[in-house]
Amino acid sequence: MNNRLFKYILLIPAFILLALTTIYPLLRSFWISLHEWDLKESAEMGQFVGVNNYISAFSDYQFWNALQATLIFTVSTVIATIVLSIFVALLLSKDKKHLSFIRAVLIIPFAVSPALIGYSWRFMLNPDYGLFDKIIGFFIPALSDVVWLSHESTAMIALVSVVVWIFMPFISLMFISALMGMPKEVFEAAKVDGASSLQTLFRITLPMLQPIILIAAILTTMFTLKAFDPIVTLTQGGPGSSTSVLNFFIYKTGFRFFDLGYSAALGYILAGITIIVVIVYMRRLVKGDQWN
Amino acid sequence: MNTRTNLVQQKKLDGKSTILNKLPSLLENISVILIVLFLFVPIFWIFLTSIKPYEEAFTTSVIFQPTFENYMAVFSSSFDLGKYYSNSTIVVIVTLLITLVVSILASYSLSRFNIPGKQIIMFTILATQFIPLIINVIPYFVIFRNWGLLDTTLGLIIVNLGHTIPYAIWLIKGFMDRIPIDIEEQASIDGAGRLRIIWSILLPLAKPGIITASVFCFVIIWNEFMFSLILTNQEAVTLPVALQFFIGEEGVIWNQMAAAGTLFVLPTVIFMLLVRKQFVQGMTSGSIK
Chain B
165 MNNRLFKYIL
175 LIPAFILLAL
185 TTIYPLLRSF
195 WISLHEWDLK
205 ESAEMGQFVG
215 VNNYISAFSD
225 YQFWNALQAT
235 LIFTVSTVIA
245 TIVLSIFVAL
255 LLSKDKKHLS
265 FIRAVLIIPF
275 AVSPALIGYS
285 WRFMLNPDYG
295 LFDKIIGFFI
305 PALSDVVWLS
315 HESTAMIALV
325 SVVVWIFMPF
335 ISLMFISALM
345 GMPKEVFEAA
355 KVDGASSLQT
365 LFRITLPMLQ
375 PIILIAAILT
385 TMFTLKAFDP
395 IVTLTQGGPG
405 SSTSVLNFFI
415 YKTGFRFFDL
425 GYSAALGYIL
435 AGITIIVVIV
445 YMRRLVKGDQ
455 WN
Chain X
203 MNTRTNLVQQ
213 KKLDGKSTIL
223 NKLPSLLENI
233 SVILIVLFLF
243 VPIFWIFLTS
253 IKPYEEAFTT
263 SVIFQPTFEN
273 YMAVFSSSFD
283 LGKYYSNSTI
293 VVIVTLLITL
303 VVSILASYSL
313 SRFNIPGKQI
323 IMFTILATQF
333 IPLIINVIPY
343 FVIFRNWGLL
353 DTTLGLIIVN
363 LGHTIPYAIW
373 LIKGFMDRIP
383 IDIEEQASID
393 GAGRLRIIWS
403 ILLPLAKPGI
413 ITASVFCFVI
423 IWNEFMFSLI
433 LTNQEAVTLP
443 VALQFFIGEE
453 GVIWNQMAAA
463 GTLFVLPTVI
473 FMLLVRKQFV
483 QGMTSGSIK
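Protein chains in written order, with our numbering: chain B, 165 to 456; chain X, 203 to 491.
The set of hints was computed from the structure by calculation and includes no laboratory data. Only a predicted model underlies this, so the values are computations on that prediction, with no experimental measurement involved. By construction, the Cβ of each residue, glycine as well, lies at the ideal position given by its N, Cα and C atoms. Keep in mind that the hints are not guaranteed to be accurate.
Here's a subset of chain B near chain X, in silico, CB distances under 8 Å, partners left out [as the list claims (entries may be wrong)]:
id: 1; residue: K171
id: 2; residue: L175
id: 3; residue: L181
id: 4; residue: T185
id: 5; residue: T186
id: 6; residue: L190
id: 7; residue: V252
id: 8; residue: P273
id: 9; residue: L280
id: 10; residue: L389
id: 11; residue: F392
id: 12; residue: N411
id: 13; residue: I414
id: 14; residue: S427
id: 15; residue: L434
id: 16; residue: I439
Let's have the full structure, built from the sequences with the hints guiding it.
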């Protein structure tokens with residue numbers, strides 16, 4: 165068979181499927197975002213309104229609220245996940261038998277459905293019969309009466325914790341495999357030079373981890389901006405709209421209030437934010453490569 | 203990897219120069235225990251709740267007469283777990299088969315041939331995943347309503363494909379890049395055709411990558427929640443969305459939800475444990491590239 169054609173024939177099935185399942189809906193969604201379309205009133209797409217849907221977002225206090233919730237949610241989740249994962253990786257990356265067993269089962273939480281995790285944390289956070297309240301009340305009695313999911317700030321703390329719970333095992337595994345792959349000579353040399361463990365951590369380990377930290381940050385940010393299941397199953401965006409992050413707000417606008425045009429426009433705003441964030445990270449990543 | 207020398211070196215290091223050794227090892231062990239508890243108590247609690255009798259489900263007791271009645275109950279006609287299980291299974295198997303076939307072919311082409319704009323193609327494929335998928339659900343909802351595909355497994359298969367193919371191409375291509383091209387050239391000199399080379403030489407060599415991609419896509423599809431929540435409501439509901447049926451007007455039937463949840467996560471946990479090593483390697487090296 166002709167080589168020149170062959171390589172394209174191999175690509176065609178995947179490209180056709182991607183075009184139909186991703187590109188086409190994306191374009192169609194953009195078209196919808198330029199129209200008025202309230203599904204409660206009409207099954208047909210309404211008037212062309214240009215960028216009106218995008219403009220109205222800026223005067224919608226609920227949009228600003230969602231943006232603020234997204235910012236708090238994303239920044240705290242990414243920082244907590246990365247810091248905790250590095251900590252976990254430092255603890256678990258040593259060559260001991262029981263640690264290697266823990267490393268082996270660390271992947272399990274990654275396999276558990278986020279929806280089920282959301283529900284089960286709601287169960288565990290219940291003030292009457294929840295396990296979590298019993299445990300925390302035992303150690304810190306002052307916290308035993310907190311009804312986590314019914315206050316605005318504690319609901320956000322609970323949501324962040326659950327999402328960190330979901331991401332941390334996998335990100336930890338990334339750091340563990342990076343730490344275990346590091347040349348041991350460097351650490352020996354540091355030891356010979358009399359570096360303290362904190363010095364070793366900040367001067368050697370963390371700088372060497374830097375590319376992995378950036379990749380982990382990109383992944384976590386992307387995942388957090390797209391987070392959906394834990395919000396629906398844990399807080400439903402509440403109480404009030406305190407945990408109604410942008411992704412959930414888009415869902416609510418589109419499929420509970422059926423304002424399809426506005427919802428699509430909000431989706432593109434979130435896409436824009438995601439792309440900007442990823443580009444910023446990517447540039448740092450490329451810069452980091454040039455240093456090496 | 204030279205594990206033996208690593209082990210020896212590591213042993214030498216464990217004595218003094220590892221990072222946290224200045225802290226008392228007691229503190230270190232407590233931290234490890236806390237991490238394990240934080241990660242595994244919720245999972246353990248789901249399982250424990252699933253074997254609790256109804257009266258005990260709303261307590262934190264750990265001493266009770268274990269029962270399997272919750273597992274029996276979720277298969278009864280009032281919940282019908284079997285139906286949701288088969289919906290999820292159909293969606294996973296069909297999506298996975300299509301994803302693997304088209305992604306293996308595409309990865310082969312992208313890994314072995316000089317294609318103009320290859321970098322851009324690879325980035326575009328990945329970039330579709332940066333975009334929040336909720337945007338795509340809106341047109342899907344409209345299209346499926348017009349075509350009568352709402353609440354069908356076929357609809358779910360279609361939307362999942364857009365989600366799995368990019369990841370599969372990236373993962374499998376990463377593995378194929380590492381297979382030396384000489385092997386194929388040798389076979390082609392011996393007169394084997396292109397497709398034959400892919401089938402009987404490259405596929406066996408790329409098996410770890412294909413398995414990793416399969417497991418990753420399996421987890422994505424099996425746990426997929428958003429599409430299923432919005433695009434189905436009764437007939438084609440999959441397991442993660444079916445969990446909400448335990449939330450009734452009188453409250454949540456936690457013990458039965460836990461039983462359904464345990465049966466739901468079991469396959470993923472088993473798969474993950476089987477391919478854990480390859481999976482982490484594949485994901486890490488794939489994301490660095």
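* To do: Go through the hint on B/K171 and say holds or violated, using the shortest Cβ distance to chain X against 8 Å.
  => 4 Å, holds
* **Interface hint status, B/L190 versus chain X (Cβ within 8 Å)** => Hint on B/L190: holds, closest Cβ of chain X at ~6 Å, below 8 Å.
* B/L389 as chain X interface residue, shortest Cβ-Cβ below 8 Å -> 7 Å, holds
* Holds or violated: is the Cβ of B/F392 closer than 8 Å to a Cβ in chain X? -> 5 Å, holds
* To do: Hold the hint about B/V252 up to the distance rule: shortest CB distance to chain X must be less than 8 Å.
  => Holds. Min distance 6 Å.
* Asked: At a threshold of 8 Å, is the proposed contact between B/L181 and chain X supported by beta-carbon distances?
  -> 5 Å, holds
* Hint check: 8 Å Cβ-Cβ cutoff, B/S427 to chain X -> Nearest chain X Cβ about 6 Å off; hint holds.
* Taking the closest Cβ pair, is B/L434 under 8 Å from chain X? -> Cβ of B/L434 sits 5 Å from chain X, so the hint holds.
* Asked: Should the hint that B/N411 touches chain X count as held when the rule is a Cβ pair under 8 Å?
  -> 6 Å, holds
* Asked: Minimum Cβ distance from B/T186 to chain X below 8 Å?
  -> Status holds, d = 4 Å.
* Asked: Taking the closest Cβ pair, is B/P273 under 8 Å from chain X?
  -> Interface hint status for B/P273: holds (5 Å vs cutoff 8 Å).
* Asked: Was the hint right that B/L175 lines chain X, CB cutoff 8 Å?
  -> Holds, because the Cβ-Cβ distance from B/L175 to chain X comes to roughly 5 Å (cut-off 8 Å).
Against the hints set out earlier in the document, no violation occurs for any number.
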